[in-house]
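Peer 1: The residues making up each chain are set out below.
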Amino acid sequence: MVVFSFYIFDRHTECIYSRSWLPPSVTEAAAPSVVAPTPTPSAVTAIPDLEREHERNNQGGRPRDRRSKAAKAGDDAKLIFGTVFSLRNMVRKLGGEDDAFITYRTGQYKLHYYETASNLRFVMLTDTAAPSMRNVLHQIYINLWVEYVVKNPLSPVEHKGGEGVKNELFELGLDQFIRGLM
Amino acid sequence: MFSSLITCRYRSAFGDWLATIFALIIINKAGGLIYNKTFHEGGLNKISTNDYLVLAGTFHGVHAITTRLNPLKNVPAADRIPASTTLAGGPGMLTRPEPSSGLEVLESENFRLQCFNTMTGTKFLLFTDTTQANVDVTIRRIYEMYADYVMKNPFYQLEMPVRCDMFDRKLSSYIRELNNR
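Listed in order, the protein sequences are those of chains Z and X. Taking my numbering, I'd label the letters of the first sequence as residues 1 to 182. Taking my numbering, I'd label the letters of the second sequence as residues 1 to 181.
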């Protein structure tokens, strides 16, 4: 099983965390970048990190490709939220208020969805052969989100721009957990 | 009416053992609803025709977005993780990747939605029980019926709502047979 990417959306529909485990693409590998691209699927691209890099690149005077990549990742997150939101509403309309959208599959990938009672949405993209990841998303919520983000006394209530989510323990725990699955 | 009563009785006796086909929706290539039929009452909520039209349009848009979201589209073929086949030309040879397909199966707690997208962009959506098996075979059979009784009907206008008695009758009897099995 392969996990491609993972997203968290808050109740204000904002993407507060995103991470990708995809191998770096050809264009990225060809272009000289700040982070040395590794051949194994270990390129970690959290949006806040990219923004920071983007600022650094601006000072270095090579803003073009980085900017487009950060913008692309942001666009993808918006598209995913739109899809998930529409499908969830559709499922609720047809299956009743208590029904919940779980997953959809295309020929190339599978999207898993989990929504908490406080409208926090967890989305994961995997390959098509993956079994249901609903319990995995639930585990991420219980063991990582609640433990490292909610119980962190320094963490803000709202996570504007991913603030409070990009803490070391959460990111490390998430990475280990996902790599354990693959 | 009688058949649906029987289905309900089996349902209560054996729990969710009996798989059922709930409804069929056909969407034309512009996203308009052209056919909509419910086979089993109680599987899905009753919604108005207007809501069905909205649903068809929404699904059409979502289907297009899910095609674009393919995470592997920018990854070179050699790096793709499910490396199923390596061509004789080796990794250096340019290979055209298979075009991304949109949403095929959607699962929720109460139902399962199978989408079949034809070569011409018409979409067949079949709503079934979560335990229903072989839905792809069923949906292909329905597509065949559509080709035989709708497309070959000289009075049918393309992209317009389907009002063909023959199609209605054949479809109903086919689904009834599956639901009562």
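Mixed in with the good hints there might be a few duds.
Within a straight-line C-alpha distance of at most 27 Å, the following computed BS3-like cross-link-like pairs (lysine-lysine) qualify [said to hold, decoys possible]:
1. Z:LYS93 / X:LYS46
2. Z:LYS72 / Z:LYS166
3. X:LYS46 / Z:LYS78
4. Z:LYS78 / X:LYS29
5. Z:LYS151 / Z:LYS166
6. Z:LYS151 / Z:LYS69
7. Z:LYS72 / X:LYS73
8. Z:LYS93 / Z:LYS160
9. X:LYS170 / X:LYS37
10. X:LYS46 / X:LYS170
11. X:LYS170 / Z:LYS69
12. Z:LYS93 / X:LYS152
13. Z:LYS93 / X:LYS73
14. X:LYS152 / X:LYS37
Worth flagging that the hints you see were computed from the coordinates, not collected in a lab.
Peer 1: For every hint, state whether the structure bears it out.
Peer 2: So, going through the hints one by one against the coordinates:
Distance check on the hinted pair: LYS93 (chain Z) and LYS46 (chain X) sit about 9 Å apart at the alpha-carbon level, within 27 Å; holds. For the hint linking LYS72 (chain Z) to LYS166 (chain Z), the alpha-carbon distance of about 20 Å falls within 27 Å, and the restraint holds. Of the pairs offered as hints, the one joining LYS46 (chain X) and LYS78 (chain Z) is violated, with about 31 Å between alpha carbons and a cut-off of 27 Å exceeded. Taking the CA atoms of LYS78 (chain Z) and LYS29 (chain X), the gap is about 25 Å. The hint holds against a cut of 27 Å.
Taking the CA atoms of LYS151 (chain Z) and LYS166 (chain Z), the gap is about 14 Å. The hint holds against a cut of 27 Å. This hinted pair does not check out: LYS151 (chain Z) and LYS69 (chain Z) have alpha carbons roughly 33 Å apart, beyond 27 Å. Proposed proximity of LYS72 (chain Z) and LYS73 (chain X) is supported: the alpha carbons are some 13 Å apart, at most 27 Å. Using a Cα cut-off of 27 Å, the hinted pair LYS93 (chain Z) and LYS160 (chain Z) is violated, with the two alpha carbons roughly 31 Å apart.
Using a Cα cut-off of 27 Å, the hinted pair LYS170 (chain X) and LYS37 (chain X) holds, with the two alpha carbons roughly 13 Å apart. Of the pairs offered as hints, the one joining LYS46 (chain X) and LYS170 (chain X) holds, with about 24 Å between alpha carbons and a cut-off of 27 Å not exceeded. With a C-alpha separation of about 52 Å, the suggested pair LYS170 (chain X) and LYS69 (chain Z) falls outside the 27 Å cut-off, and the hint is violated. Straight-line distance between C-alpha atoms of LYS93 (chain Z) and LYS152 (chain X) comes to about 35 Å, which puts the hinted pair past the 27 Å bound.
A hinted pair counts as satisfied when its Cα atoms are at most 27 Å apart, and LYS93 (chain Z) with LYS73 (chain X) does not qualify at roughly 32 Å. The straight-line distance between the Cα atoms of LYS152 (chain X) and LYS37 (chain X) is roughly 20 Å, inside the 27 Å bound, and the hint therefore holds.
Against the hints set out earlier in the document, violations occur for numbers 3, 6, 8, 11, 12, 13.
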